[in-house]
Structures are given as C-alpha cells and as structure tokens.
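S.K.: Protein sequence lines, in the order shown, are assigned to chains A and B.
Using my numbering, the letters of the first sequence correspond one by one to residues 1 to 339.
Using my numbering, the letters of the second sequence correspond one by one to residues 1 to 339.
Among the hints, a few may not be true.
[As the list claims (entries may be wrong)] Short, incomplete list of chain B residues facing chain A, as computed with Cβ under 8 Å: (1) L61; (2) L279; (3) F321; (4) L325.
Worth flagging that the hints you see were computed from the coordinates, not collected in a lab.
C-beta atoms are modelled at their ideal positions from N, C-alpha and C, and glycine is treated no differently.
Number of protein chains: 2
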Amino acid sequence: MALRTRLTDVAEQAGVSTATVSRVLNGKPGVAEETRRAVLAALDLLGYERPDKLRTKAAGLVGLVVPELTNPVFPAFAQHIETHLAEAGYTPLLGTQAPGGATEEQYIDAMVERHVDGIIFVSGLHADSRADTAWYDRLLAMDIPFVVMNGTNPRIPAPAFSIDERRSMDIAVRHLHSLGHTRIGLATGQERYIPTQGKMRGFRDSMRRQLEQADPPVVNTLFTLEGGRAAAGMLLDQGCTAIVCGSDLMALGAIQLVRSRGLQAPDDVSVVGFDDSPLIAFTDPPLTTMRQPVEPMCRSAVTTLVSMIEGGPAPRTEILFLPELIVRGSTGPAPGERA
Amino acid sequence: MALRTRLTDVAEQAGVSTATVSRVLNGKPGVAEETRRAVLAALDLLGYERPDKLRTKAAGLVGLVVPELTNPVFPAFAQHIETHLAEAGYTPLLGTQAPGGATEEQYIDAMVERHVDGIIFVSGLHADSRADTAWYDRLLAMDIPFVVMNGTNPRIPAPAFSIDERRSMDIAVRHLHSLGHTRIGLATGQERYIPTQGKMRGFRDSMRRQLEQADPPVVNTLFTLEGGRAAAGMLLDQGCTAIVCGSDLMALGAIQLVRSRGLQAPDDVSVVGFDDSPLIAFTDPPLTTMRQPVEPMCRSAVTTLVSMIEGGPAPRTEILFLPELIVRGSTGPAPGERA
Numbered sequence: 001m002a003l004r005t006r007l008t009d010v011a012e013q014a015g016v017s018t019a020t021v022s023r024v025l026n027g028k029p030g031v032a033e034e035t036r037r038a039v040l041a042a043l044d045l046l047g048y049e050r051p052d053k054l055r056t057k058a059a060g061l062v063g064l065v066v067p068e069l070t071n072p073v074f075p076a077f078a079q080h081i082e083t084h085l086a087e088a089g090y091t092p093l094l095g096t097q098a099p100g101g102a103t104e105e106q107y108i109d110a111m112v113e114r115h116v117d118g119i120i121f122v123s124g125l126h127a128d129s130r131a132d133t134a135w136y137d138r139l140l141a142m143d144i145p146f147v148v149m150n151g152t153n154p155r156i157p158a159p160a161f162s163i164d165e166r167r168s169m170d171i172a173v174r175h176l177h178s179l180g181h182t183r184i185g186l187a188t189g190q191e192r193y194i195p196t197q198g199k200m201r202g203f204r205d206s207m208r209r210q211l212e213q214a215d216p217p218v219v220n221t222l223f224t225l226e227g228g229r230a231a232a233g234m235l236l237d238q239g240c241t242a243i244v245c246g247s248d249l250m251a252l253g254a255i256q257l258v259r260s261r262g263l264q265a266p267d268d269v270s271v272v273g274f275d276d277s278p279l280i281a282f283t284d285p286p287l288t289t290m291r292q293p294v295e296p297m298c299r300s301a302v303t304t305l306v307s308m309i310e311g312g313p314a315p316r317t318e319i320l321f322l323p324e325l326i327v328r329g330s331t332g333p334a335p336g337e338r339a
Numbered sequence: 001m002a003l004r005t006r007l008t009d010v011a012e013q014a015g016v017s018t019a020t021v022s023r024v025l026n027g028k029p030g031v032a033e034e035t036r037r038a039v040l041a042a043l044d045l046l047g048y049e050r051p052d053k054l055r056t057k058a059a060g061l062v063g064l065v066v067p068e069l070t071n072p073v074f075p076a077f078a079q080h081i082e083t084h085l086a087e088a089g090y091t092p093l094l095g096t097q098a099p100g101g102a103t104e105e106q107y108i109d110a111m112v113e114r115h116v117d118g119i120i121f122v123s124g125l126h127a128d129s130r131a132d133t134a135w136y137d138r139l140l141a142m143d144i145p146f147v148v149m150n151g152t153n154p155r156i157p158a159p160a161f162s163i164d165e166r167r168s169m170d171i172a173v174r175h176l177h178s179l180g181h182t183r184i185g186l187a188t189g190q191e192r193y194i195p196t197q198g199k200m201r202g203f204r205d206s207m208r209r210q211l212e213q214a215d216p217p218v219v220n221t222l223f224t225l226e227g228g229r230a231a232a233g234m235l236l237d238q239g240c241t242a243i244v245c246g247s248d249l250m251a252l253g254a255i256q257l258v259r260s261r262g263l264q265a266p267d268d269v270s271v272v273g274f275d276d277s278p279l280i281a282f283t284d285p286p287l288t289t290m291r292q293p294v295e296p297m298c299r300s301a302v303t304t305l306v307s308m309i310e311g312g313p314a315p316r317t318e319i320l321f322l323p324e325l326i327v328r329g330s331t332g333p334a335p336g337e338r339a
C-alpha cells in the first residue's frame with residue numbers, strides 16, 4: 001500500500017492530521033504524548049507495523065495472575081492491565097488457571113524464577129478467605145512488589161483495588177424494588193470468597209433497609225452458567241420474582257432456568273447480572289447488569305504497582321470502585337405491577 | 001467445612017466414589033491417570049486447595065503469544081492451550097497484544113530472555129503475509145521450538161495448525177444457497193492476513209461452483225464489530241440477502257447494521273459468523289456460525305510442541321482442521337422463499 005494511503009488511514013483512525021502522523025512515524029519532537037500514543041494505537045489497530053525506530057525495549061516484566069479466561073470479564077481485566085503496563089514500558093506475562101492445570105503458586109514460582117519486577121493478582125487466592133496466604137508473605141520477604149484486585153484480604157498487606165460489593169448490591173436491590181419486586185433473591189458463588197461475602201452482606205443490608213426483610217433468600221452455588229441455573233431454580237421455588245446474580249454467566253444460566261420452566265425474563269422473572277462482560281449487551285434479552293469499572297481499576301492498579309517497582313511506597317490501602325447499573329432488557333415490572 | 005462433606009462434593013463433581021477421591025488426595029496408587037485428573041479438576045472447580053503432596057513443580061515455561069483478548073475466541077484458545085500445557089507439566093506464560101501496547105517482537109524478546117522452552121503463536125505475525133518473518137528465523141537459529149496456529153506461512157518452517165478456510169466457506173455458502181439465497185456476500189478482515197486470503201479464495205470458488213458467479217461481492221474491513229457494520233452496509237447496498245462474516249464480532253456488527261436500516265435478521269438478511277465464540281449462543285438472534293475446533297487444535301499444537309521440546313522432530317507440516325456449521329437463529333429462508 002502506498003505511503004500516502006497509509007498516512008491518511010492512520011490519520012483518520014487517530015483523529016489527527018497526516019502531518020502529525022508523519023511527525024510521529026519519523027520520531028520528530030513537538031507531538032503531545034497522548035497524540036503520539038493515539039497514532040501508535042491507530043497503526044496497531046489498522047495492522048501496520050511500527051517503524052523500527054519506534055520499537056522500544058521493554059523495561060521489565062510484570063506477572064499477571066488471573067483465575068481463568070472462561071468468564072469473559074477476566075480477559076477484559078487482562079487486556080486493560082496489559083495495555084497500561086505496556087504504556088509504562090513493562091512487558092506483561094499472564095498466568096491463568098484452568099481446572100486441573102497449573103496452580104497459582106506454580107505461576108508465582110515461575111514468575112519469581114524469571115525475575116519479574118512485580119505481580120498483579122486478579123481474583124487470586126487472596127480473594128479466598130480460607131486459602132493459605134503464605135505465598136504472599138514469601139513475595140513480601142523477597143521484596144517483590146505486588147497488588148491485588150477484587151478481594152481485599154486483611155491478612156495480605158498490599159494495595160488492593162476492589163469493587164464496592166455492598167453498595168453494588170444496594171443499587172441492584174433499589175432498582176428491582178422500584179419496579180415493584182418484593183420477592184428478590186441473591187444467587188452467587190462460594191461463600192469462602194471475599195467478594196461473595198461482600199455481596200451477601202450488602203444484599204442483606206439493603207433488603208433489610210429497603211424492604212424490612214431480615215432473612216432474604218440467598219443461594220450460594222458457583223460463578224458459572226450451571227451455578228446460575230441451579231441457584232435460580234432454588235430461588236424460584238422460594239417464590240422470587242427477581243434474582244440478583246453474582247456474575248453475568250450466572251445471570252445467563254438463571255435466564256435459561258426461567259425459560260426451562262415455561263416462564264419469560266423479564267415478564268415473569270427479572271434478572272440482574274454482574275460484571276457487564278464484553279458482548280453481554282448482545283444477549284437475548286440484553287442483560288441488565290452491574291458494570292465493573294474495569295478500565296479505571298486496571299489503570300489505578302498498574303500506576304500503583306509501577307510506582308512501587310520504581311521505589312515508591314506500598315500504600316496498604318483498599319481503593320473501592322463503584323459499579324454502575326446498566327439497565328437493559330432483563331429487568332421489568334414485577335408480575336401484577338404492569339398496567 | 002468437614003472433610004466428609006468435601007469428599008462427597010468432589011466425588012459428585014468428578015463422578016467417582018468418595019473412596020477414589022480419598023485415594024487420589026492421599027497420593028495412593030491404583031487410580032487411572034484420567035480419573036486422577038478428573039478428581040484434581042473437580043477439586044479446582046469447587047475451589048478447594050490441592051494437598052501439598054499433589055503440587056508438582058512445573059517442568060518448564062512455554063510462551064504463548066495471542067494477538068488480543070477482545071475477540072472472545074482468543075481467550076478460548078489461550079485457556080485450552082494452557083490446560084494442555086499444564087497437563088504436560090509446563091507453565092504457560094501468555095503475551096497478548098493491545099493497540100498501542102507491547103509488540104509481538106517485544107514478547108519474543110522477553111520470553112527468550114526468560115528462557116522459555118518453546119513458544120506457541122496464535123494468529124501472530126506469521127499470519128500476516130506482509131510481515132517481516134525475521135523473528136521466527138531468530139528462534140530457529142537459537143533452536144527454540146515453536147508452532148504456529150491459524151495462518152500457515154510458507155516462509156516459516158514450523159508445524160502449523162490451521163482452519164481449512166476454503167472448505168469452511170464452502171460449507172457456509174452451501175447452507176445459504178440451500179435456504180434460497182443467491183445474493184451472498186463475504187465480509188472479512190484485511191487481505192494481508194493469510195486466513196483472510198483463504199476465506200476469500202474459498203468463498204469465490206464456492207460461489208462459482210454453487211451459483212456460477214465469477215465475481216461475488218467481497219468486502220475487506222476489520223475483524224471487529226465496527227468492521228462488520230461497515231462491510232454489511234456495503235454488501236446490503238449491493239443487494240445481498242445473506243452475509244458470511246470472517247468473525248463472530250463482525251457478524252454481530254452486521255446484525256446491528258441490518259437493524260439500523262429497519263430490517264430484521266434473519267427475515268430480511270441472513271448472517272453467518274465464524275469462530276463460535278463463548279457466549280455467542282446467547283445472542284439475539286442466536287448466531288449461526290462456523291465453529292473453530294479450538295480444543296482439538298490446541299491439543300494437537302501442544303502435543304507437537306512438547307514432543308519438539310523433548311527432542312522430537314519438528315514436522316514441517318500443516319494440519320488442517322475442519323470447522324462445523326452450527327445452525328442457530330441468524331440464518332433463514334431468502335426473502336420471497338418463505339411459504
């Protein structure tokens with residue numbers, strides 16, 4: 001393809017002039033860093049190779065541990081973390097877990113052996129209230145900086161970046177209550193996980209405050225389609241007309257279960273997901289869900305880790321992020337509330 | 001939780017007796033390897049930690065390079081490859097690319113520096129007919145085994161595991177033709193990619209053979225939602241009643257475009273995706289798509305790489321995998337063909 005065409009393509013994609021693209025490609029000064037990044041991103045997006053002179057050696061390696069990639073929210077975390085790490089000059093190496101596969105400690109061993117500069121844990125063992133946290137102590141002893149995301153464990157003295165699970169449940173309950181629902185149940189994962197505990201507390205608090213129910217229906221299964229089906233079945237048996245789910249996968253499973261009983265979502269049963277996973281807006285019905293602010297969470301975690309790697313302090317704080325309620329088509333008026 | 005409960009849970013999940021679970025957990029002999037793995041997988045799935053004695057040190061590190069995680073088929077490849085690598089005792093380290101982030105060569109540098117035993121490339125630069133393949137020659141010179149997936153490049157002498165793109169297009173065209181469609185268009189990504197070239201050849205061959213059309217409508221945009229919208233607009237302008245897409249994301253974009261014109265899929269326009277990404281069965285309408293046999297492809301690639309790492313030969317062959325047509329709700333009779 002002619003150079004001219006390429007400049008025009010990239011300029012259009014980046015929303016800048018061809019002169020600016022040319023300056024960036026030739027490594028000339030006088031271009032704002034943000035603009036430079038937009039041009040490089042456009043180049044990558046359109047599938048062009050970067051000129052040799054713009055290829056920078058990575059400063060170091062950062063390990064990234066995520067539990068599994070089958071829940072689509074985890075690839076989204078990985079992608080955003082990798083983008084921000086790369087912007088800071090670090091090459092991310094990702095370890096993910098699969099049933100029967102390598103364990104988190106094997107990844108930590110491999111990463112430490114390979115001299116990573118730091119590690120980011122997303123929903124790792126740190127989020128499991130019953131897990132052995134000795135691995136994290138080892139990292140501290142070796143002076144390897146790390147941060148944890150989603151699941152703040154008081155036993156692990158590291159910066160934590162988490163969802164405000166309690167407020168998120170309050171937002172979901174208020175939404176359903178405003179639609180006239182009073183029989184609302186919570187379907188979530190195993191109680192041993194710290195985010196699950198936060199959701200359960202938040203749900204019960206909100207149901208007590210909003211609906212004066214001291215013991216609302218709560219079912220713990222697994223954060224999967226199958227877990228959602230099983231939990232929804234138990235909640236429908238208890239007369240629920242609305243189900244708040246701990247993950248989008250659980251919500252899709254809950255909708256399957258509703259249909260398998262000859263009912264419709266949202267006409268007979270409203271369902272709220274959690275995560276706002278990629279592509280979830282395309283489901284039938286489009287899922288109402290609590291959106292995790294994945295990008296800002298990842299940006300904060302990476303900025304903090306990079307600062308620690310570069311000698312800054314390790315703030316032992318928990319940064320809480322508030323999810324947004326994204327109302328789509330899986331929630332509606334309670335049966336009997338429709339005009 | 002009591003040991004008894006845990007044994008029962010795991011036994012139920014694994015479909016074996018509690019006595020078998022107990023044998024596995026205590027590292028006793030007399031359990032088939034397949035059963036042992038099923039028990040470990042059940043343990044992981046249910047979120048229990050493995051007993052210390054079952055924690056094996058990983059034999060080595062294998063690099064895995066995937067282009068990005070926003071297309072949900074790539075996390076699926078990563079997950080299956082990681083599972084099979086872990087079964088073989090290797091710890092996978094994943095490098096993914098994001099626009100503006102680290103490049104494939106930075107990952108290769110980082111992986112080589114960290115002494116990986118081998119590398120698996122999924123839809124990497126090898127799949128780009130115009131890319132510099134010097135990086136692969138360097139790996140060969142350093143005697144680092146590698147295999148490539150999706151995009152067989154004759155300039156790269158490595159075992160290749162790819163989709164039979166040509167036959168896949170023939171299957172899609174036959175399906176649409178059998179529904180009465182004669183104005184069928186192909187919406188796919190940039191022509192520089194080897195899989196795209198295969199799809200274009202396969203589509204044209206099939207349209208010539210099935211419908212005696214020498215020059216059927218083909219539009220090259222990007223393998224994204226936006227690319228699908230743009231391509232579908234151009235194909236509808238050419239009178240197409242059916243669109244074969246190069247990815248599921250493109251197909252979802254095509255359906256958006258169809259609706260933005262006040263038309264319906266499949267009533268007015270049929271759309272076929274490609275990949276059968278996770279969750280794609282939940283879209284509205286459920287997407288008819290060509291399923292990439294991700295699991296068998298990953299198993300073959302890992303088995304071959306591990307054999308190369310362990311001193312076996314590097315077969316310079318291309319293994320082709322045939323996708324399956326999964327008919328769901330986005331394809332239907334051509335307008336005018338309905339009873």
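S.K.: Taking the earlier hints as the rules, which of them does this structure contradict?
M.R.: The structure breaks hints 3 and 4; every other hint is satisfied.
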